[in-house]
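*Asks:* Sequence:
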Amino acid sequence: MKNGILLKIVLILILGPLLYYSCNKRLYTSTFHHNKIDHEHVLYIPDNLSENAPLVFVLHSYGRYPKDHMQSLQLDSLAEVHKFAVCYPQGTLDVNTGQPYWSGGLGSKSTDDVGYITALAKELQITYKLDTDRTFTCGISNGGFMSYTLAAEAPGVFKAAASVTGTMTEIVWKNRKAIPKPIPVLQISGVKDNVVPIDGSMSTEYGWGGAPHMDTVINYWATFNECVEIDTLAISNTIDAYHYKTCINDNEVWYYKLKEFGHDLPTLKNSGINANELIWEFFSKYI
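Be aware that the sequence shown starts at 1, since it is given in this note's numbering, and climbs by one per residue.
Some clues are possibly wrong.
[As the list claims (entries may be wrong)] Dumping the calculated DSS-like pairs for lysine-lysine here, alpha-carbon to alpha-carbon at most 25 Å: (1) K257 <-> K285; (2) K109 <-> K192; (3) K122 <-> K174; (4) K67 <-> K269; (5) K122 <-> K192; (6) K109 <-> K129; (7) K36 <-> K83; (8) K109 <-> K36; (9) K245 <-> K259; (10) K181 <-> K192; (11) K36 <-> K174; (12) K177 <-> K245; (13) K192 <-> K129; (14) K129 <-> K257; (15) K181 <-> K67; (16) K269 <-> K192; (17) K109 <-> K83; (18) K192 <-> K177; (19) K269 <-> K257; (20) K83 <-> K285; (21) K245 <-> K181; (22) K83 <-> K129; (23) K285 <-> K245; (24) K269 <-> K245.
[Said to hold, decoys possible] Label pairs and their in silico Cβ distance ranges: (25) H213 <-> I235: 16 to 26 Å; (26) E277 <-> G156: 41 to 51 Å; (27) K269 <-> D112: 36 to 46 Å; (28) G210 <-> G63: 29 to 39 Å; (29) H213 <-> A234: 16 to 26 Å; (30) T127 <-> A234: 39 to 49 Å.
Hints are computed from structural coordinates only; laboratory data are not their basis.
Keep in mind it's a predicted model, so treat the numbers as computed, not measured.
Heads up, the beta-carbon is just placed ideally off N, CA and C, and yes, glycines get one too.
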C-alpha cells in the first residue's frame, strides 16, 4: 500500500509539469530559425487576448528549459488575469557542457542571442498582433544576465527589463557608455547568493567575466535614468527595497535585497515575496 502511494507521488512529480506543458491548449511550441540555429520557444496566449496586448519574455537560468520556469515562475496565471502573452525561448547549448544557456554579456562570438531574441520578439508581435511598444524581458540567473544585455543593446525593442538573481556582467558593464537610452530596470537579489554574489565577487571562470557590485549597477541605472528620488520600503525585517523614482520618462529602477536569501527563485513561502507578482507589478507601470 505504502509503495503504491509512493509511486503515485513520484509519478505526479515527474509527469505533472509534462502534462501541463503538453496538454494546455493555450501553449504553442514553435521553432524559430536564426543565424543557422533552430531555437524552440513556447508561447502562452490567454483566452480572449485583444490586439496590441503586452508581450513578456521569460529567459531561463543556466541549464534549464522553458517548461522549468513555466512551472516555477507561474507567470501564466497572471497573464490569464491581466491579459498579456508570455514567451519562453530556449537558449543555445553550451559547447563545453551541453547545457542550454544565454550568451548575454559572456563574450561569446559565435552565439547571437540578442539578434535571436529581438528577431523573435518582432516575429511574435507581427504574427499575434502584439504591442511593439509593450514588450518586456525578465530572466532568472543567467537569464537575468541576458535581460540586462537586452536592456543595454535593444532598448528600442524592450520597454523594461527585470533580473532575478542575475547581474550586469563585466563585459556589458565595460560597454555601458554605448547604451543608447534609459530603460526601467528591476533587480531582485539574495544577499546570501554564492553563485551570483551581490558584492561583485562572481567567478571569472568559463567566460563569465565577473560582475560589478550590484549596488554599483543599480546606482548606474538610477543615474543614467536621471532618477532624483529614492523611496525606501519597509517590507519586512529580511527585505530591503528601494524604488528610484522621478526619472526621465518615468524610467524607474527598483532594487530588492533579500537578506536571508540565496540563489533561488523567490516565493512568498521561501522569501516573503513572489517574484512573478513583483515582476508584473513593475512591468504594469509601463502598459
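*Asks:* If a hint holds in the structure, say so; if it does not, say that too.
*Replies:* The hints, checked one at a time:
Pair hint K257 plus K285 holds up; C-alpha atoms about 21 Å apart against a cutoff of 25 Å. Distance restraint check for K109 and K192: the Cα-Cα separation of roughly 32 Å exceeds the 25 Å cut-off, and the hinted pair is therefore not satisfied. The straight-line distance between the Cα atoms of K122 and K174 is roughly 28 Å, outside the 25 Å bound, and the hint therefore fails. Distance check on the hinted pair: K67 and K269 sit about 22 Å apart at the alpha-carbon level, within 25 Å; holds.
A distance of roughly 38 Å separates the Cα atoms of K122 and K192; the hinted pair therefore is violated under the 25 Å criterion. Taken as a hint, the K109 and K129 pair is broken in the structure, with Cα atoms around 33 Å apart against an allowance of 25 Å. Taken as a hint, the K36 and K83 pair is broken in the structure, with Cα atoms around 34 Å apart against an allowance of 25 Å. Note on K109 and K36: the hinted pairing holds, with a Cα-Cα distance of about 14 Å set against a maximum of 25 Å.
The hinted pair formed by K245 and K259 meets the criterion: a straight-line CA distance of about 23 Å does not exceed 25 Å. A hinted pair counts as satisfied when its Cα atoms are at most 25 Å apart, and K181 with K192 does not qualify at roughly 32 Å. Under the criterion of a C-alpha separation no larger than 25 Å, the hint pairing K36 with K174 is inconsistent with the structure, at around 29 Å. At most 25 Å may separate the alpha-carbon atoms for a hinted pair to count; K177 and K245 meet this at roughly 22 Å.
Annotation: proposed proximity of K192 to K129 is violated, straight-line Cα distance about 42 Å (limit 25 Å). Among the hinted pairs, K129 with K257 is inconsistent with the structure: their alpha-carbon atoms are about 37 Å apart, more than 25 Å. For the given pair, K181 sits about 33 Å from K67 by alpha-carbon distance, which is inconsistent with the 25 Å threshold. Annotation: proposed proximity of K269 to K192 holds, straight-line Cα distance about 17 Å (limit 25 Å).
Between K109 and K83 the CA atoms are separated by roughly 37 Å; this puts the pair beyond 25 Å, and the hint is violated. Taking the CA atoms of K192 and K177, the gap is near 30 Å; set against the 25 Å cutoff, the hint is violated. Of the pairs offered as hints, the one joining K269 and K257 holds, with about 16 Å between alpha carbons and a cut-off of 25 Å not exceeded. Straight-line distance between C-alpha atoms of K83 and K285 comes to about 15 Å, which keeps the hinted pair within the 25 Å bound.
Between K245 and K181 the alpha-carbon distance is near 17 Å, which keeps this suggested pair within the 25 Å criterion. Taken as a hint, the K83 and K129 pair is honoured in the structure, with Cα atoms around 13 Å apart against an allowance of 25 Å. Of the supplied pair hints, the one linking K285 and K245 holds, its CA atoms being roughly 12 Å apart against a limit of 25 Å. Restraint check for K269 and K245: the C-alpha separation of about 29 Å exceeds 25 Å, so the hint is violated.
A C-beta distance of roughly 22 Å is found between H213 and I235, which places it inside the suggested range of 16 to 26 Å. At roughly 28 Å, the beta carbons of E277 and G156 sit outside the given window of 41 to 51 Å. Hint check: K269 to D112, Cβ distance near 38 Å, so the stated range 36 to 46 Å holds. In this structure the supplied range 29 to 39 Å is violated for G210 paired with G63, their Cβ-Cβ distance being about 20 Å.
Between H213 and A234 the Cβ separation comes to about 23 Å, which falls inside the hinted range of 16 to 26 Å. Checked against the given bound of 39 to 49 Å, the beta carbons of T127 and A234, roughly 45 Å apart, stay inside it.
Figure legend: structure checked against the earlier numbered hints; hints not met, in rising order: 2, 3, 5, 6, 7, 10, 11, 13, 14, 15, 17, 18, 24, 26, 28.
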